[in-house]
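Produce the entire structure from the sequences given, and follow the hints as far as they go.
One line per chain: the protein sequences are A and Y, in this order. Numbering-wise, the first sequence is residues 894 to 1158 according to the working numbering. Numbering-wise, the second sequence is residues 2 to 333 according to the working numbering.
Some, not all, of what chain Y presents toward chain A, calculated at C-beta under 7 Å:
#	residue
1	Arg106
2	Pro110
3	His111
4	Gly119
5	Ile143
6	Ser153
7	Ser156
8	Val195
9	His197
10	Glu199
11	Gln307
12	Gly312
13	Gly315
14	Leu323
15	Glu331
If you are wondering where the hints come from, they were derived from the structure by calculation, not from laboratory data. Cβ atoms here follow ideal geometry from the backbone N, Cα and C, with glycine treated the same way.
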Amino acid sequence: MNIIVPIKQVPETSNVKMDTETGTMMRDGVESIINPLDLYAIEIAIQVKESHGGRVTVVTMGPPSADKALREALAMGCDDGVLISDRKFAGADTWSTAYVLVKAIEKIGAVDLIIAGERATDGDTGQVGPNIASAMDLPLATYVSRIDAVTGTSITVERMTEEGYEKLRLPLPALLTVVKEISYPRLPTLRGKQRARKTDIPTYSVADLDVVENHLGLTGSPTRVVKIETPKVTRGGKIYKVVDDHSLEEAVDGLIEFMKKKEII
Amino acid sequence: MEYKGVWTIAEAHEGDLKAVSFELLSRGRKLADELEEELVSVLIGGKVKEERVKELIQRGADRVILVEDPLLDRFIVETYSKVLIDLIDKKKPEIILSAATVNGRTLMPHVAMRIHAGLTADCTELGIEETTRNLLQTRPAIGGNILATIKSPDSRPQMATVRPKSSRPLELDESREGVVERIEFSRDLYDDRVKHLETISGGEEDINIQESDIVVSGGKGMKKIDNFKMLSDLAHAMGGVVGASRDAVDRGWARYPQQVGLSGKTVTPNVYFAIGISGAIQHLAGMKTAETIIAINTDEDATIFQVSDFGIVGDLFDVLPLLTQKLAKEVK
Chain A
894 MNIIVPIKQV PETSNVKMDT ETGTMMRDGV ESIINPLDLY AIEIAIQVKE SHGGRVTVVT
954 MGPPSADKAL REALAMGCDD GVLISDRKFA GADTWSTAYV LVKAIEKIGA VDLIIAGERA
1014 TDGDTGQVGP NIASAMDLPL ATYVSRIDAV TGTSITVERM TEEGYEKLRL PLPALLTVVK
1074 EISYPRLPTL RGKQRARKTD IPTYSVADLD VVENHLGLTG SPTRVVKIET PKVTRGGKIY
1134 KVVDDHSLEE AVDGLIEFMK KKEII
Chain Y
2 MEYKGVWTIA EAHEGDLKAV SFELLSRGRK LADELEEELV SVLIGGKVKE ERVKELIQRG
62 ADRVILVEDP LLDRFIVETY SKVLIDLIDK KKPEIILSAA TVNGRTLMPH VAMRIHAGLT
122 ADCTELGIEE TTRNLLQTRP AIGGNILATI KSPDSRPQMA TVRPKSSRPL ELDESREGVV
182 ERIEFSRDLY DDRVKHLETI SGGEEDINIQ ESDIVVSGGK GMKKIDNFKM LSDLAHAMGG
242 VVGASRDAVD RGWARYPQQV GLSGKTVTPN VYFAIGISGA IQHLAGMKTA ETIIAINTDE
302 DATIFQVSDF GIVGDLFDVL PLLTQKLAKE VK
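This is the structure in structure tokens:
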């Protein structure tokens, strides 16, 4: 079973600071991590490999420093890593990112299963997984919360919907995007870290891939960012402090008054 | 042929239409009026009740394109994608909006990839750029830390998914008239590779936190699973549902489908109660677009109070019972 896990390196969102003048993110000093939602994809890929054999290859598109994310995934137990990096890929939106990932996956070779995270915590689109399935015409299941069965030719999964779950069977090769409920990511082991340090990670540049240049980077991206704003967070609502029975009564009455005024009740 | 018209994708579930189908029409109506173009509701599915199809027109659509077939009863993205692409090829819409539901967020990128169209996810605002007539799509990103406005200047159709509950359906207008255009499902578009085996109900109504007007969420401050009963009492008194912070889900007090935040769901209810939730940035990302936010927490410095419209600094175990008791009298 050859499994590919496309991942993304993202800034650690809890520490993100915004430059209030330019409205852009200040990336300086912000640690880059593997997209937290990709960890579930990595974990379940390793589990499938452990029970069915094969290799897990983790692949990412990003700057040369994204190598670190790949090595973290190797330390968790993935077998191989591929970095896709070239200045010409810069500014790619989801369409162009997926286009390049597909070309890289084709170059890696025969694949039985692609497992992606639900979405990245920075861009928050969740589009690249379905994009890849669409471009490669692979059967797709999104929001997968459980793998029920894997055979040599098919995979049965449960998918989370608004109403509950639905069970789907997909022939292999197939692509899944998975949600947090599917697994609990393991920590890298010391041996894993040592192996990760020694593993050779190839870099694919434009020259290595069978790509059409006008599909790359900003040029190949149908979408354009027009404007970035930092929304005001503070609402400055009324605050009641409870210190005794009397103030408790007051606070609750105040809340009920407030809810009436807002026509909530 | 010129790209013209605004399409919204209706969603069916077990013979009925989901509320998002009508929410999208109020978004679409505004855009279509500004562009002076037709608003079309596209419905792909099995059999849907006749009167609900008519309701699409009564709530804003000029036309309904209906592709109905028993084979389309379940959402299977491979087939739905082919059907939608076939419709796009034939009719060339300028804008396509879908709800940012699990199915909308699966179908739209599948279609956009194949036709090389720009797609913006989970928009909260939509508008038309005056000079170019391009669709302006605004969405939160980076955990809600920024609002990005995006357009697709050169590719058509312009595609976007829209956050559920971020707009209200238009009032029902029984005098509104429109066209229901039935298009036969061409069997060569049928892709039977993926098999739907079973639908497993969530078991409790609480599971669909994204479609509820009132969400009552609990966090670490709830202390133990038994105390979540207090939240469901409060929620049920108002017809709401129970959500949870990541802390509460990780401790097993609530289930993952109830999780609000960066690694859970994003909700935009009328009212959001944050109870025993301090307001980590990851949690705020999932709820700060709620219309009204009410917080109860012992720590007066908790971030949650900064984003609240109403806050009570106090012990939730004192406040909740009294609140539920007083509410019961009000609601009666």
